[in-house]
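Model the full assembly from the supplied sequences, consistent with the hints where possible.
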Amino acid sequence: MVEFAGWWMPVQFRGILEEHRRVRSTVGIFDVSHMGEFEVRGPNALRAVNRWVTNDVEKLEVGGVLYTALCYEHGGIVDDLLVYRLEDGYLLVVNAANEHKDLEWLRGQAPPGVDLVNATERTTLIAVQGPKTEAVLGPVARGPVLDLGFYRWCRAEVAGVPALVSRTGYTGEDGFEVYVDWDRGPEVWDALMEAGRGVDIEPIGLGARDTLRLEVRYCLYGNDIDQTTSPLEAGLGWAVSLEKEEFMGKEALVRQKAEGLERRLVGFEVEGRGIPRPGYEIQVNGRKVGSVTSGTFGPSVGKGIGMGYVERGVSSPGRQVAVVGRGRGGMAAEIVRGPFYKQGSRK
Amino acid sequence: MNIPKELKYTKEHEWVALDGKMAKVGITDYAQSQLGDIVYVELPTVGAEVTSMEPFGSIEAVKAVSDLFAPISGVVKEVNAALADNPELVNQSPYGEGWMIVVEAANPEELDGLMSAEAYEQLVESEAK
Numbered sequence: 122m123v124e125f126a127g128w129w130m131p132v133q134f135r136g137i138l139e140e141h142r143r144v145r146s147t148v149g150i151f152d153v154s155h156m157g158e159f160e161v162r163g164p165n166a167l168r169a170v171n172r173w174v175t176n177d178v179e180k181l182e183v184g185g186v187l188y189t190a191l192c193y194e195h196g197g198i199v200d201d202l203l204v205y206r207l208e209d210g211y212l213l214v215v216n217a218a219n220e221h222k223d224l225e226w227l228r229g230q231a232p233p234g235v236d237l238v239n240a241t242e243r244t245t246l247i248a249v250q251g252p253k254t255e256a257v258l259g260p261v262a263r264g265p266v267l268d269l270g271f272y273r274w275c276r277a278e279v280a281g282v283p284a285l286v287s288r289t290g291y292t293g294e295d296g297f298e299v300y301v302d303w304d305r306g307p308e309v310w311d312a313l314m315e316a317g318r319g320v321d322i323e324p325i326g327l328g329a330r331d332t333l334r335l336e337v338r339y340c341l342y343g344n345d346i347d348q349t350t351s352p353l354e355a356g357l358g359w360a361v362s363l364e365k366e367e368f369m370g371k372e373a374l375v376r377q378k379a380e381g382l383e384r385r386l387v388g389f390e391v392e393g394r395g396i397p398r399p400g401y402e403i404q405v406n407g408r409k410v411g412s413v414t415s416g417t418f419g420p421s422v423g424k425g426i427g428m429g430y431v432e433r434g435v436s437s438p439g440r441q442v443a444v445v446g447r448g449r450g451g452m453a454a455e456i457v458r459g460p461f462y463k464q465g466s467r468k
Numbered sequence: 070m071n072i073p074k075e076l077k078y079t080k081e082h083e084w085v086a087l088d089g090k091m092a093k094v095g096i097t098d099y100a101q102s103q104l105g106d107i108v109y110v111e112l113p114t115v116g117a118e119v120t121s122m123e124p125f126g127s128i129e130a131v132k133a134v135s136d137l138f139a140p141i142s143g144v145v146k147e148v149n150a151a152l153a154d155n156p157e158l159v160n161q162s163p164y165g166e167g168w169m170i171v172v173e174a175a176n177p178e179e180l181d182g183l184m185s186a187e188a189y190e191q192l193v194e195s196e197a198k
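Protein chains in written order, with this note's numbering: chain R, 122 to 468; chain C, 70 to 198.
What the hints contain is simulated information worked out from the structure, not anything from laboratory work.
Keep in mind that a hint or two might mislead.
[Unchecked claim] Derived BS3-like pairs: lysine-lysine, alpha-carbon spacing no greater than 30 angstroms straight-line:
id, chain 1, residue 1, chain 2, residue 2
1, R, K378, R, K409
2, R, K424, C, K198
3, C, K132, R, K222
4, R, K409, C, K132
5, C, K132, R, K468
6, C, K198, C, K132
7, C, K74, C, K90
8, C, K132, C, K80
9, R, K409, R, K180
10, R, K222, R, K371
11, C, K80, C, K93
12, R, K365, R, K378
13, R, K463, C, K93
14, R, K371, R, K180
15, C, K146, C, K74
Note that the structure is a prediction, hence the values are computed from the model and not measured.
So, in structure tokens, the structure goes:
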């Protein structure tokens with residue numbers, strides 16, 4: 122168990138490799154209650170949320186979810202988050218490490234007519250991820266859960282407990298995330314574990330959570346994105362709506378797009394036996410062109426993989442680079458496009 | 070935590086099995102449990118010289134990389150080739166099939182500087198706090 126953003130969490134249960142493979146082959150269950158949840162209501166809720174985030178929330182219907190970034194005026198990222206359109210407002214789901222920073226930031230940017238409530242400590246969030254996820258939720262959920270499309274949510278009862286269920290996740294596999302009141306968490310967990318016995322469900326720790334997300338090239342705030350990186354540099358332009366009338370950081374991003382990016386976040390695969398780690402240098406012809414932001418061994422691809430920012434001129438897929446750790450020999454790597462693992466069951 | 074009494078230990082969590090001047094070396098059960106799943110083990114070749122307290126190779130676990138430190142100085146006489154394809158042997162059997170190298174000791178006095186099982190056990194207990 123380790124301390125993570127003020128929460129006590131397991132790095133692993135039976136081992137990172139086993140847990141990772143479990144999620145890719147059948148299903149795993151994660152207690153991700155450390156994530157922050159904010160509820161936004163009031164007559165100006167839509168206006169506020171749409172000014173806060175880069176993506177266009179106006180088009181989001183009740184029952185929909187979108188991924189977006191919150192930016193500073195200079196275009197750097199405050200956090201990446203999910204926005205759910207509720208019946209009567211919005212649910213923002215943010216990174217655990219940024220809970221208090223985000224809350225303060227949003228409160229400072231909230232116009233009147235906006236009611237912003239931090240629901241983190243009264244919310245349990247359980248993720249069930251893997252190709253067999255429907256076999257776990259099906260028996261214990263009452264409500265249209267199995268009909269949910271990707272990035273859609275519904276109300277349901279899970280093991281008799283009122284829940285919000287969304288078809289979202291951080292693994293690249295099919296999966297659901299289940300939000301219930303804090304004190305009902307354990308009984309929902311037990312019911313899901315029991316329902317998943319026939320498909321060998323296992324609890325999954327932070328270690329495998331990281332290898333799973335990196336294999337499908339999902340960013341992790343604090344590693345791949347932070348206040349010094351813009352969503353355009355990070356390859357998250359698809360979550361930015363530059364045509365939106367206004368949002369925090371828009372001017373900076375419009376300018377950055379016009380001037381062209383100086384660096385880009387790329388993914389790379391190591392040739393041979395080496396594992397890239399955050400902070401290692403990325404070099405071309407002996408010259409530093411960037412550094413690694415995330416790196417690990419990808420159990421499903423069988424090699425070292427990583428992401429890092431590199432100078433725009435050397436960021437194309439196919440580019441050969443050297444990844445050099447402190448005091449270690451360099452490892453040969455190649456910049457690749459898209460996820461490292463492409464056979465995920467994600468809808 | 071498994072700490073066999075007949076072995077000697079270092080503060081870098083290696084174990085040493087002595088047979089005359091031959092020292093078989095690996096990492097301890099505590100070390101492998103701290104590292105977690107091991108995916109690559111980088112070892113020297115037979116004939117390489119190793120120097121006491123200096124790195125002779127490295128271990129890549131999923132979540133971290135760690136140097137391997139030579140407990141004594143000498144020449145590498147044997148290397149466990151099984152670890153190239155099956156690095157998980159270090160996790161599964163750190164004192165058995167997960168052995169790493171055999172070194173012929175150049176300076177037998179160095180062997181006296183190794184820790185006993187009791188002393189190593191105390192080290193582990195203090196680190197685990």
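Here is how each hint holds up against the structure:
For a cut-off of 30 angstroms, the pair hint linking K378(R) to K409(R) stands: about 25 angstroms separates their Cα positions. Pair hint K424(R) plus K198(C) does not hold up; C-alpha atoms about 34 angstroms apart against a cutoff of 30 angstroms. Distance restraint check for K132(C) and K222(R): the Cα-Cα separation of roughly 27 angstroms lies within the 30 angstroms cut-off, and the hinted pair is therefore satisfied. Distance restraint check for K409(R) and K132(C): the Cα-Cα separation of roughly 24 angstroms lies within the 30 angstroms cut-off, and the hinted pair is therefore satisfied.
Straight-line distance between C-alpha atoms of K132(C) and K468(R) comes to about 29 angstroms, which keeps the hinted pair within the 30 angstroms bound. Taken as a hint, the K198(C) and K132(C) pair is honoured in the structure, with Cα atoms around 21 angstroms apart against an allowance of 30 angstroms. Using a Cα cut-off of 30 angstroms, the hinted pair K74(C) and K90(C) holds, with the two alpha carbons roughly 19 angstroms apart. Using a Cα cut-off of 30 angstroms, the hinted pair K132(C) and K80(C) holds, with the two alpha carbons roughly 22 angstroms apart.
A threshold of 30 angstroms between alpha carbons decides the hint, and for K409(R) with K180(R) the separation of about 43 angstroms lies outside it, so the pair is violated. The hinted pair formed by K222(R) and K371(R) meets the criterion: a straight-line CA distance of about 20 angstroms does not exceed 30 angstroms. For the hint pairing K80(C) with K93(C), the CA-to-CA distance comes to about 16 angstroms; that is within 30 angstroms, so the pair holds. Using a Cα cut-off of 30 angstroms, the hinted pair K365(R) and K378(R) holds, with the two alpha carbons roughly 15 angstroms apart.
A C-alpha spacing of about 43 angstroms is found between K463(R) and K93(C), which places the hinted pair above 30 angstroms, so the restraint is violated. At roughly 18 angstroms between alpha-carbon atoms, K371(R) and K180(R) fall within 30 angstroms of each other, so this suggested pair holds. Proximity of K146(C) to K74(C) is assessed by CA-CA distance (about 25 angstroms); at most 30 angstroms being required, the pair is judged to hold.
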